[in-house]
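K.L.:
The lines below spell out each chain.
Number of protein chains: 2
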Amino acid sequence: MAVNGVNGVNGVNGRRSKHDFSALKVNQSRLLDAIHSGCEYGAAHRYGDHPTETGMARLSLNDADKQVRDWFIATTEELGCKTSVDQMGNLFAVRPGKNSKAPPVMMGSHLDTQPTGGRYDGILGVNAGLEVLKVLHENNVETEGSIGVVNWTNEEGARFPMMAVSSGVWAEAVPLETAWNLAEVSPDEHGHHRTMKEELERIGYLGEQKASYKAFPMAAHFELHIEQGPALEMEKRRVGVVKGVQAFKWFEITVKGRDTHAGTTPFPARMDSMLCAAKLIVESNRIAKEAGGLSTTGILTGQPGSINTMAHTVTFTLDIRHVEDEKLAEVEKQCREAFSRIAEKESEKGCTVEWKELVDSPAVNFHPDCIAAVEASAKEVVQDLPMTAEDGELWRYMISGAGHDSCYTNRRCPTSMIFTVTKDGVSHNPQEYCSPEDCAIGAQVLLGAVLRYDKTRTFA
Amino acid sequence: MAVNGVNGVNGVNGRRSKHDFSALKVNQSRLLDAIHSGCEYGAAHRYGDHPTETGMARLSLNDADKQVRDWFIATTEELGCKTSVDQMGNLFAVRPGKNSKAPPVMMGSHLDTQPTGGRYDGILGVNAGLEVLKVLHENNVETEGSIGVVNWTNEEGARFPMMAVSSGVWAEAVPLETAWNLAEVSPDEHGHHRTMKEELERIGYLGEQKASYKAFPMAAHFELHIEQGPALEMEKRRVGVVKGVQAFKWFEITVKGRDTHAGTTPFPARMDSMLCAAKLIVESNRIAKEAGGLSTTGILTGQPGSINTMAHTVTFTLDIRHVEDEKLAEVEKQCREAFSRIAEKESEKGCTVEWKELVDSPAVNFHPDCIAAVEASAKEVVQDLPMTAEDGELWRYMISGAGHDSCYTNRRCPTSMIFTVTKDGVSHNPQEYCSPEDCAIGAQVLLGAVLRYDKTRTFA
Chain L
1 MAVNGVNGVN
11 GVNGRRSKHD
21 FSALKVNQSR
31 LLDAIHSGCE
41 YGAAHRYGDH
51 PTETGMARLS
61 LNDADKQVRD
71 WFIATTEELG
81 CKTSVDQMGN
91 LFAVRPGKNS
101 KAPPVMMGSH
111 LDTQPTGGRY
121 DGILGVNAGL
131 EVLKVLHENN
141 VETEGSIGVV
151 NWTNEEGARF
161 PMMAVSSGVW
171 AEAVPLETAW
181 NLAEVSPDEH
191 GHHRTMKEEL
201 ERIGYLGEQK
211 ASYKAFPMAA
221 HFELHIEQGP
231 ALEMEKRRVG
241 VVKGVQAFKW
251 FEITVKGRDT
261 HAGTTPFPAR
271 MDSMLCAAKL
281 IVESNRIAKE
291 AGGLSTTGIL
301 TGQPGSINTM
311 AHTVTFTLDI
321 RHVEDEKLAE
331 VEKQCREAFS
341 RIAEKESEKG
351 CTVEWKELVD
361 SPAVNFHPDC
371 IAAVEASAKE
381 VVQDLPMTAE
391 DGELWRYMIS
401 GAGHDSCYTN
411 RRCPTSMIFT
421 VTKDGVSHNP
431 QEYCSPEDCA
441 IGAQVLLGAV
451 LRYDKTRTFA
Chain F
1 MAVNGVNGVN
11 GVNGRRSKHD
21 FSALKVNQSR
31 LLDAIHSGCE
41 YGAAHRYGDH
51 PTETGMARLS
61 LNDADKQVRD
71 WFIATTEELG
81 CKTSVDQMGN
91 LFAVRPGKNS
101 KAPPVMMGSH
111 LDTQPTGGRY
121 DGILGVNAGL
131 EVLKVLHENN
141 VETEGSIGVV
151 NWTNEEGARF
161 PMMAVSSGVW
171 AEAVPLETAW
181 NLAEVSPDEH
191 GHHRTMKEEL
201 ERIGYLGEQK
211 ASYKAFPMAA
221 HFELHIEQGP
231 ALEMEKRRVG
241 VVKGVQAFKW
251 FEITVKGRDT
261 HAGTTPFPAR
271 MDSMLCAAKL
281 IVESNRIAKE
291 AGGLSTTGIL
301 TGQPGSINTM
311 AHTVTFTLDI
321 RHVEDEKLAE
331 VEKQCREAFS
341 RIAEKESEKG
351 CTVEWKELVD
361 SPAVNFHPDC
371 IAAVEASAKE
381 VVQDLPMTAE
391 DGELWRYMIS
401 GAGHDSCYTN
411 RRCPTSMIFT
421 VTKDGVSHNP
431 QEYCSPEDCA
441 IGAQVLLGAV
451 LRYDKTRTFA
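These protein sequences, in sequence, are chains L and F. Numbering-wise, the first sequence is residues 1 to 460 according to UniProt numbering. Numbering-wise, the second sequence is residues 1 to 460 according to UniProt numbering.
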């Protein structure tokens, strides 16, 4: 049976035939049941009649996040996993292998969502990891080393404004105190902005385990994720073998002008920070487009906020991206020059512009061994699927447009990612969708990649 | 003495020499004391060391507004005025004349301010009216008809988003229920948006007198106000004789796109409502400028509000103005065409734009008799001042850029306005400033205009 297919042949000489791993099959309906069961905690933004036709609003560390964490722990403990929680609320569930002392190979992603998020971003990755554990469990597979699943806290950065902050603390790239002191973007009903530490305590997920790769080392980190873009769908492929992540930087831009009356202040006397900000957003878009990168303003707020008074201060976020670090630096440089010029010379009496850097995430190159494991697994999984791609390849290499926890794990252990088809390329949206078949294909590739990587492990 | 100078000579033949009214003098230091005493209620936004170097945050019907209303009533009752409060909290104080049955000539403005407002917008007009009453009182002047002061509620429209709403109800241009049900822009500490009626009740200023020109008719309405623009200062003049108000319209524009991921959504796949809104703001500015009008966006909000997610919906206000109704209609038409074009064709995959009209205030032409009374008074007041204007005229005709309660009173009684110098043309700002001498000049012109108008009255 399947178990022997995996362990029997390869235990001896380390060579693998194409049948070694494909005999173990993920259970598509069980995977989808798990995804949608977990989504009962935090479901929001209904868009259709079917029970699963809602989006999600499971902001990190809210009550729904506590509930899905409890569910994660119950699920993994039933599978015989050892669970632990670190100081950032990162949840680790490990299924012991033959060698249970060595660092585990982890499958990780996140269960928090955007305020108007969907059912797959992050959620698919964690559930695929759980499904892999279930397949190993039901088949009594004994892996070389331990294999586990991690749920990283606040990957989205939507509630506490620093994305992937908790894998960042694990990687010792973000100081623990900085992360703990992050205040939520929207205050509670009393006007209080709660911190991550307060909320970790409140929901009972402030663990004692040090949040560090030293306290919880990993042999490798594999992350399955929806592509969140349109490429796989447009090219009619099924799997992306992710070689890295594009560089991105986040800024908070503050434009200051003067709050004067909208009816009595002629244009030459104006210092209109809203108009200036609008020009800056249009220009940053032009610059990024010309450079083959991206730019986005997702948040803009103005003060004092009155119809017939100019804003004295407008603050907006700027997210710029490029696959090459050098090109991203050039986009930033051009934006800085243009913003100064527009504020000083093309905004009537003039405004001032201040830049605050929030995130600097250089381009990431994943580990070749992990990429190779994903590639081998992907090739095997897609070979029996109907051919739809014009060039005869159902998989392709990809560079991720989005940041992920894998960017931080890659600093401390071999890492790579797998992408699945995303309907219309839409994510961070209630209608984000990955078909049941594509969810299962992704989980199957994850299973094969992890087992392949596990087989290559040698222990001192 | 002065009293005789006013009443003696003119009582007989109705002719007036230039000395008739100028013998009565406003008291500059008393006027300024009153302005700054009243500003103790709601002072905010300190910008200098002197006690009066703060702005104001006396949002309509807040606790500070209640306090200044109590002060207004105490002050006018001390002067022997009869006070009344209508269903919109409009406060009327009337000093009886020889004929106390006929409708009074009213001097009106407002005591509410913007959230970051100053000490003169509205406040100067009410205090100048009070100072006129004090001059009449201390000189025992008996006017032909009654003369009074009115404090209109929520002129700014900053807290309850409809400007001059309460003079609008008085003019029967705004239904009472619409006004009562206006909800405040920013909620209270419990997240509740209180209505005007709730707040009128809470602070004890929900009067029983019907809010209508029929219940409280006026013979005329005169309003002294800071110019709020730079013209008088730039031209080194002292007084504006206001002949009317430019037309303006307020809109709420809603741009809908799609909330997709900032890193994974290539430009051609985007429906970025923030970028689209920025383009619309820039274009509305261009159109208004080209037409010799104005356009301003004072408020913009986006949803869901996440750095790395495009906004699915952006809502912004558009305030457009022009001295001619036809030109304003043309600005609106061009904006509507441009907004549709930009949203559909110049925003990648496209966005939708919806327009909601909030205010339509056509150009206003004040009453020739009131304008004439202001002009005669202004000429008399400035004749003894040092000449500073290049063309030898210290006064000029003006068209108001801002809307005022006088726009509504003009529908129901002869109305006009007087403008005073505004430092740097700045208003709706804590540092808004009108010098003590200019405050007094304005009040003196108001005094002369009201007495002149009063003298022309004939009673059936």
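Calculated directly from the structure, the hints in this document are not laboratory data. Note that CB positions come from ideal geometry on N, CA and C, so glycine has one too. Do not take every clue at face value.
Claimed, not checked - Label pairs and their in silico Cβ distance ranges:
1) L:391 to F:360: 57 to 63 Å
2) F:345 to L:350: 57 to 63 Å
3) L:392 to F:268: 21 to 27 Å
4) F:354 to L:345: 48 to 54 Å
5) F:345 to L:173: 26 to 32 Å
6) L:390 to F:337: 39 to 45 Å
K.L.:
It remains to establish, for every hint, whether it holds in the given structure.
P.N.:
Hints versus structure:
{"no.": "1", "hint": "L:391 to F:360: 57 to 63 Å", "verdict": "holds (59 Å)"}
{"no.": "2", "hint": "F:345 to L:350: 57 to 63 Å", "verdict": "violated (32 Å)"}
{"no.": "3", "hint": "L:392 to F:268: 21 to 27 Å", "verdict": "holds (26 Å)"}
{"no.": "4", "hint": "F:354 to L:345: 48 to 54 Å", "verdict": "violated (34 Å)"}
{"no.": "5", "hint": "F:345 to L:173: 26 to 32 Å", "verdict": "violated (43 Å)"}
{"no.": "6", "hint": "L:390 to F:337: 39 to 45 Å", "verdict": "holds (41 Å)"}
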